[in-house]
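Below, each chain spelled out in residue letters.
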Amino acid sequence: MIDFEPTEEQQLIVDTVRQFATNEIRKAAREADEAAALPASVLERAHELGLVSSALPEVYGGGGARSAVTGVLAAEELAHGDLAIALAVLSPMLLALPIADFGSEEQKKGWLPRFTGDRYLPGSLALVEPAFRFDPLHPATTAKRDGREYVLDGAKCFVPWQNGVEAVLVIAAEDGRVQGFLVPHDAPGLSATREKNLGVRALPTVELELRGVRVPASAKLGSESAPGDTAVRGILNRGRVALAACAVGVARAAFEIARDYAKERQTFGAPIATRQAIAFKLADMAIEIDGARLLVWEAAWKMDEGHDATREATIARHQAQRVALEVADGAVQVLGGHGYIREYLPEMHLRNARGFSTFEALSLV
Amino acid sequence: MAISFEPAPNTVAAREMYHRIAREQMRPVARKYDEQEHEMPWEFVRFMWEKGRSPPGSFTGPSDGFVQVCVQAEELCWGDAGLYLRIPSPALGGSAVAAAGTNEQKARFLNPFREGAPKWGAMAITEPQAGSDAAAIQTTAQLDGEEWVLNGTKIFCTSGEAAATIDGGFVVVWATLDKSAGRGGIKSFVVPAKTPGMKLVGLERKLGIRASDTATLVFENCRIPKENLLGSAEIKKANPMQAGDKGFKGAMATFDASRPIVAAMAVGVGRAALDFLKEELEREGVSIRYDAPAHERTAIERDVIDMEAELQAARLLTWRAAKMMDHGKRNNLEASMAKAKAGLAVTKITQKAVEILGPLGYSQKILVEKWMRDAKINDIYEGTQQINQLIVARRILDYSSSMLR
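If you're matching them up, the sequences are chains A and B in order.
Just so we're aligned, residue 3 is where the first sequence starts under this note's numbering, counting upward by one.
Just so we're aligned, residue 32 is where the second sequence starts under this note's numbering, counting upward by one.
Hint data in this document are derived by calculation from the structure and do not stem from the laboratory.
Hints are supplied without guarantee of correctness; some may be wrong.
Unchecked claim - Quick list of simulated restraints, FRET-style, between CB atoms:
1. A:E50 x B:R314: 50 to 58 Å
2. A:Y342 x B:K137: 57 to 65 Å
3. A:V16 x B:G83: 38 to 46 Å
4. B:A129 x A:A67: 42 to 50 Å
5. B:S432 x A:F134: 50 to 58 Å
6. B:I331 x A:R28: 39 to 47 Å
7. B:R58 x A:F270: 48 to 56 Å
8. A:E11 x B:P93: 20 to 28 Å
9. B:E327 x A:E11: 34 to 42 Å
10. B:S163 x A:N165: 25 to 33 Å
11. B:E66 x A:R28: 58 to 66 Å
12. A:K146 x B:E327: 23 to 31 Å
13. B:R320 x A:A42: 55 to 63 Å
What the hints assert, rightly or not - In silico SDA-like links for lysine to any residue, alpha-carbon gap of 25 Å or less:
14. A:K111 x A:D188
15. A:K283 x B:D164
16. B:K379 x A:S359
17. A:K283 x B:T415
18. A:K283 x B:S163
19. A:K283 x B:D287
20. B:K237 x B:W73
21. A:K283 x B:Q382
Quick reminder that beta carbons are idealized off the backbone N, C-alpha and C, glycines included.
With the hints as constraints, model all of the structure from the sequences given.
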């Protein structure tokens, strides 16, 4: 039966994450953006919420409660706090979920318990390439078999690269077929250059150059039963849905600031929110945010049902990224000059929202 | 409950049944009744009346409730929105009776719809000088002994001709007992078909939904029994929206139920155009690559994805508003969100379809141009885009109607 009510358990998670996002993440957001650095203590405390470990299989210490719907509910709340910190909180998923889904037994045993332990361990995915014509299913980065090893060559960008990252899942083409490879962060031939981006400044991302990087054959995701484009398609769809959820969170945050400001700010003797030009703009924002959220839920639900959700994920992402950008821009506009200065958050939401068209597939739910 | 987009088997069965009706009974005559405006589509009307009197027995078991009603409306309006409005039923007049009427009134006005010949109900709110601002209504109702006497002019009354002139039908008329009381003085009255003093003086010629009659009704000393008032006759001057009165508040509450249906109707029209466009593109060998990188998408692929996203967002907002009714939750914010989104989305979607289809889209050889004309009404009736924005704005800002006008 069609219904739009989260379960009690999901609602509890939403409430908990919302509280954390408001009390901890939001408060650290501006400073983190200015410093272009993540607040380590917030990430440690976020880890205690167990969002990552609860989604991993019980045999590896996880909660065994994987659900894309729960994932998008939590992702929206985290991003409602702050997008950069939300992406960092969820970054372990970049490694842990592809391994859980497609990894060999050895890979699962080796990696998953490290994400379910007491300490926060960031993850990383090297998918996007610094080319306008980048196609995730046909990367220019190559993997060539050489005896018992693979040799990786190519260039990646927008690779999350937090302090303490131990390995990165590199997406590369082997004989024209796309595959994933688990590469240690300090592998010889790997060089990382910190990027400076328009938004999500607090999240350290790098351009990753791979020159003759050698990894053992067992580093290929899934080893002998390598999933190829099945894994990458899964990563892409999860990423689209997770990012769409984050986009809804960013839009909601920007909307709330605009709404509250409009009720405070007086012109000609009355709050600007009493003017239809502003009030209708706010109404449209609220409508669009709710519409985008429902599309995200539908795509996530479809994934949980085990169906191919490519169309729904694409549509949800398309809508959510448009809405986030329009709402963030609208929020800057409602605040006027105050929206443009860094004392207020809308300018940051606008920079962050612009990124949703670029962050292809940060695979997070 | 849990978040789910899986329709109940009942909904699937209903969707199939109404889709077949739309395809077989509505599409073939859609153009005819668009061109022969004001002509009653009797064959279709009788078919739907018979269908409605013999409900299929298979629709038992778990149900999506009001969402199923929305799905049905979507399917039928995929067939033809004008003909949908012609289906003999108590329609909005019935919603008003159901929302604000006593059991006796429900039995008296709605039971006739269970038998006999086709009948229609209608709602008469709008006046030449009062549309969205329903409190500005000038039509008066005065008690004279055991009867109410109505005087005034009503326009844009959907199915007004059929409801006022065909036996067994009725028109729910909004009128004021006391103009100085504003909203508090507004009440609704049931005027049975053929009541002396209720006159059909004109039918609108419209941009679209031409198969639906849109009447101008004049009330000249129109007398109805005292028992035809819906709700109480008490005038609440303070704040009628807060009071327990079923008058104005009850009448407004019918919108909470009707707006999701109108939104679903809109989605049906938009889907008709989008389905046609996608089929046409497929015939031409153009497929929509949902997993292609953004830079590889053609302008048409991008447009279609955008149209699909807009339509589905409208549909889901509609279902959410409907589902809240099933859960007994106040849904006036969500109903207005759905209505505002759906009306505008399908207005744009159908216009885009005409654009993409080029000369074919502009030609009356196919129905896309008609759907574009039909779609626009959804942005206007049952509360314009702007009035729904206003309602949403008041709710999200926590402003009263006097604080945000």
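Take a quick look at whether B:K379 and A:S359 sit within 25 Å of each other, Cα to Cα. Within the cut-off at roughly 23 Å; holds.
Distance restraint evaluation - B:S432, A:F134, Cβ atoms, bounds 50 to 58 Å: 52 Å, holds
Check the following: the C-beta atoms of A:Y342 and B:K137 are separated by a distance inside 57 to 65 Å. Given range 57 to 65 Å: holds, Cβ gap about 58 Å.
Hinted pair A:K283 and B:D164, Cα distance within 25 Å: Since the Cα atoms of A:K283 and B:D164 sit roughly 21 Å apart, the hinted pair holds (cutoff 25 Å).
25 Å limit on alpha-carbon distance, applied to hinted pair A:K283 and B:T415: Holds: A:K283 and B:T415 sit about 16 Å apart, inside 25 Å.
Given the hint that A:K283 pairs with B:S163, does the C-alpha gap stay at or below 25 Å? 20 Å, holds
Restraint check for A:K283 with B:Q382, where alpha carbons must lie at most 25 Å apart: It holds: about 23 Å lies between the C-alpha atoms, which stays within 25 Å.
Taking the CB of B:I331 and the CB of A:R28, does the distance hold inside 39 to 47 Å? Given about 41 Å between the Cβ atoms, the range holds.
Against the range 25 to 33 Å, how does the distance between the Cβ atoms of B:S163 and A:N165 compare: consistent or not? 58 Å, violated
With respect to the beta-carbon atoms only, verify the hint that B:R58 and A:F270 lie 48 to 56 Å apart. 54 Å, holds
Is A:K283 within 25 Å of B:D287, Cα to Cα? Given pair A:K283, B:D287 holds - Cα atoms ~22 Å apart, limit 25 Å.
Beta-carbon spacing of A:E11 to B:P93 - inside the hinted bounds 20 to 28 Å or not: Between A:E11 and B:P93, where Cβ atoms are some 22 Å apart, the hint holds.
Of the numbered hints given earlier, the model fails hints 10, 13; all others are met.
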